Every structure is written in structure tokens, then in C-alpha cells.
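Colleague: If you're matching them up, the sequences are chains Z and S in order. Residue numbers for the first sequence follow my numbering, so the first one is 10 and each next one is one higher. Residue numbers for the second sequence follow my numbering, so the first one is -15 and each next one is one higher.
Honestly, the hints are just simulated from the structure, not real lab data. Just so you know, these numbers come straight off a predicted model, no measurement behind them. Some clues are possibly wrong.
To be verified - Only pairs whose alpha carbons sit at most 27 angstroms apart, straight line, appear in this in silico DSS-like list of lysine-lysine:
| # | chain 1 | residue 1 | chain 2 | residue 2 |
| --- | --- | --- | --- | --- |
| 1 | Z | Lys234 | Z | Lys285 |
| 2 | Z | Lys135 | S | Lys(-11) |
| 3 | S | Lys40 | Z | Lys135 |
| 4 | Z | Lys287 | S | Lys(-2) |
| 5 | Z | Lys233 | S | Lys66 |
Claimed, not checked - Cβ-Cβ distance ranges computed for the label pairs, FRET-style:
| # | chain 1 | residue 1 | chain 2 | residue 2 | range |
| --- | --- | --- | --- | --- | --- |
| 6 | S | Asp61 | Z | Thr126 | 42 to 50 angstroms |
| 7 | Z | Glu284 | S | Gly18 | 22 to 30 angstroms |
| 8 | S | Ala8 | Z | Arg122 | 52 to 60 angstroms |
| 9 | S | Lys44 | Z | Thr126 | 27 to 35 angstroms |
| 10 | S | Phe1 | Z | His43 | 51 to 59 angstroms |
| 11 | S | Glu48 | Z | Glu277 | 20 to 28 angstroms |
| 12 | Z | Glu302 | S | Glu9 | 44 to 52 angstroms |
| 13 | S | Asp4 | Z | Lys234 | 22 to 30 angstroms |
| 14 | Z | Lys118 | S | Asn57 | 55 to 63 angstroms |
| 15 | Z | Asp190 | S | Asp13 | 22 to 30 angstroms |
| 16 | S | Val51 | Z | Pro288 | 50 to 58 angstroms |
| 17 | S | Lys40 | Z | Thr126 | 32 to 40 angstroms |
Stated by the list, open to error - Where chain S lies over chain Z, by a calculated footprint (3+ residues, C-beta under 8 angstroms):
| # | region |
| --- | --- |
| 18 | 117 to 123 |
| 19 | 187 to 196 |
| 20 | 236 to 244 |
C-beta atoms are modelled at their ideal positions from N, C-alpha and C, and glycine is treated no differently.
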Amino acid sequence: MESSENNQENSSKKWTSRSIGSSFQHRFFYALIHLGGRRLAYFFLYFIVAYYIIFRPSIRRKSYYYLERRFSDNTFLKMMFRSYRLSLELGKVLIDRAIIGILGYDKFKISFRQRETLRNLVKEGKGVIFLMAHGGCWQTALAALSYLNTRVNMVMRKEDGDVDRHYFEHQSGESPFSTIDPDGYLGGTLEMINVLKNGEVLCMMGDRVFGNLKNNVEAEFLGKKALFPFSAFKVASVTGAPLVVFFTSKQGADKFELDLADVIYVPENMGRSGEKFKPYVNRFVEHLEKYTEAHPFQFFNFYDMWEQL
Amino acid sequence: MAVNKEELKEIIIKDLFLEDITPAEIEDDAPLFGEGLGLDSLDAVELVVIIQKHYKIEIKDMDEGRVAFNSINSLADFIGEKQAS
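Construct the complete structure from the given sequences, taking the supplied hints into account.
Modeller: As C-alpha cells, this is what we get:
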């Protein structure tokens, strides 16, 4: 969580959500989707990703931070290939996201076994906090939550100059979810509390730090300590809202799976320090590790998560 | 109805687990967030609930938060006005 009042609060942000593609490249893919659907867009994607991996080493190296920790048998060629696969999967997810916006949500099959569990959590009336990660296609997840009949709110920022569109931006209708700007007054915390009071869903990302360093704690991830934010757990503690660890994964060309990996209730009166939140953050990170074991090429953090320590 | 500022400070210190600070050290017109008392955005989450718990006052949105969370003076005025209405 971030506050615009305090410059120090920006001190830990090492990543960017800005697309590496130009506006033209994005429009090119949107046109391909209109003309030939997913297959045509995927076909061009294979070549374009190969170009970036072979001729843009700076792009390739951004994937090495994660891949070096995820795999132990890395050689130059294996890293090249794995970097290609990781970037290709990200490209496919971005195309899928555009397909939902351009061609419709019914182009995909979504599997979600814990639908009733989630419905019952919403019925508790305290709101539900989704703690997610940059894996799979999170926007697919949000689109699949309409059955809950409650508003979904996502804490997110859009970087200046970003040309990539969210899927709902391809349509003229109302956005299926609201956004809360973490750069807003007091990091958007007042809005977060209010949406939970209204029994709504609040989605936050748990795998990237930003904001004041003291709002993050260390946890061992893929064999080395990295920083993770505990703000979602703090909000859960103060409001009494259940926190669900929620992941999405691509299971096939047109198949996605949603997984409610854990439900966590954080007790109140946890204090200001992050120490008491560590066990809860560790629980999330353990689930994240399992996710990267099951889906090694669907975790999209292209920066050195471990460098901050 | 005037709110007892010393009592408000004590509640904030106790419920926010502020260490090494006494009510006398909190200036009435100093900013609560950033410089001044040094609270941050995560403390704001707790502060909203504290105000609701002790004074039965809801801070409903950012506009109200901006007014209330400036200083001890503004927070006491905000609570007083809400209780009177």
C-alpha cells in the first residue's frame, strides 16, 4: 500500500507493469484477433517472442532472475529456451485477455471447483480479500466472479504511457470490476475498508512489493529470502474479512483453471510491526512456491525479487 | 459536543501500538500522517476502525478521511460534529 504523502513510500518498487510492446504492436495483435481469432494471433506470437529473446538480450535477462531460482540445471541454451517459454506464456495470456474483450468471455472454458466455498465466504458479509499473484490470467478470474453477485474491486495502478489494454477496455460497456488506486490518498486504504464493509470482493497482489519498506516482511521463496507485502493481512486483521489465496492457471489453449488455495482468518490486534504477520505471509509464499512448481512458465515477475535484501 | 483530545491521543497511542510516545508529545495541530506523528497508510486502516469502535463514527470515504485525518484537532472536530448531528 502506498501513500502519495510520503516519498519514502515509493522506495521499494523495483518493477514496472508497462508493456515492452509498442502501441502499433498491440494494435497489430488486436487486428489479428479480429481477423483470425486466437490461432492467428498465437501463430505470430511465436515469431515475435523469438525475435525478442534472440535479439533483445536485455529483455531475455529479465526472466533469468526467476528462472535461475526456479530451475537448478540451467545452461545457456536451457535458459534461452526457458526464457522463450516464459515470455511466450505471458504473450498468450495477454492475447487471451484481449480475446475476452474482443470476442467474448464464452471463448474460454473456466474450471473452478470451489465455487460454493467462495459463495459461502461472501455470504458471511464481511467482504472477502483475494490475495493473488502475477501468474496465469488474473483478469480471467475476475470475469468469472460475476456469479457472486457482488462488486469486485482490484487494487491496481496503470503506469503512465502503458499501451496495453485491459480486456474490458475493448468494449464500450461498464467495467466488470472497480479499481482502487494505491497511489491515492492514504494508499486507497479508506476505499478498501469501505468495499469490505459493503460485503464486496477486494483483490490485492501479494507477490510484489511497493510502498514503504516497513510494510513488507522477509520470506523464503525458491531458496532465498525475498520481501513480500503484509498489507492484505493487515486489512484482513482489522476488518475481520476472510482472506483467500487465489491463483489462476492456463491449462490449454482455451482452458483456464481457478484455484482457491487457502482461506486465512487473521486475528485482530496484531500490532504495527510486520513480525506477527510473518506466519501468514509465509503461508501465502508456500502456496506461491507450489504454484511455480506446478506451473513453472506461468509466473510473471520479470525483475529481481531477491535483490532487495 | 467537544471531544477530549487527551483521551483521543491516549486511544490512538494504545490501539495503534505506538511505542515511546506520550499524549503530551503529540501536538494538536501536527499532521497525523507522514511528518508529524508519522503514521502511514496501514495505520489509516486501523485508525478508521478505532474511531468507529470508540466513538461509533464511520469515516465513509476519502473526502471525509482527508478532513478528519489532518491532525488531532481536525479529528476531534470531525468526531464532535458527527456526534452532534
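Colleague: For each hint, tell me whether it holds in the structure or not.
Modeller: Structure-based check of all given hints:
1. Z:Lys234 <-> Z:Lys285: Status holds; Cα separation ~17 angstroms.
2. Z:Lys135 <-> S:Lys(-11): Measuring from Cα to Cα gives roughly 31 angstroms; hence the hint is violated.
3. S:Lys40 <-> Z:Lys135: holds, 18 angstroms
4. Z:Lys287 <-> S:Lys(-2): holds, 22 angstroms
5. Z:Lys233 <-> S:Lys66: This hinted pair is violated, its Cα atoms lying about 51 angstroms apart.
6. S:Asp61 <-> Z:Thr126: 42 to 50 angstroms: holds, 45 angstroms
7. Z:Glu284 <-> S:Gly18: 22 to 30 angstroms: Because 24 angstroms falls inside the window, the suggested range holds.
8. S:Ala8 <-> Z:Arg122: 52 to 60 angstroms: At 58 angstroms between Cβs, range holds.
9. S:Lys44 <-> Z:Thr126: 27 to 35 angstroms: holds, 31 angstroms
10. S:Phe1 <-> Z:His43: 51 to 59 angstroms: holds, 56 angstroms
11. S:Glu48 <-> Z:Glu277: 20 to 28 angstroms: 23 angstroms Cβ-Cβ, so the 20 to 28 angstroms window holds.
12. Z:Glu302 <-> S:Glu9: 44 to 52 angstroms: holds, 51 angstroms
13. S:Asp4 <-> Z:Lys234: 22 to 30 angstroms: holds, 29 angstroms
14. Z:Lys118 <-> S:Asn57: 55 to 63 angstroms: holds, 58 angstroms
15. Z:Asp190 <-> S:Asp13: 22 to 30 angstroms: holds, 29 angstroms
16. S:Val51 <-> Z:Pro288: 50 to 58 angstroms: violated, 37 angstroms
17. S:Lys40 <-> Z:Thr126: 32 to 40 angstroms: holds, 34 angstroms
18. 117 to 123: Result for this restraint: violated, n = 0.
19. 187 to 196: Contact hint for the region 187 to 196 of chain Z vs chain S: holds, 4 residues under 8 angstroms.
20. 236 to 244: holds (count 3)
Hint check: violations occur at hints 2, 5, 16, 18; the rest are consistent with the structure.
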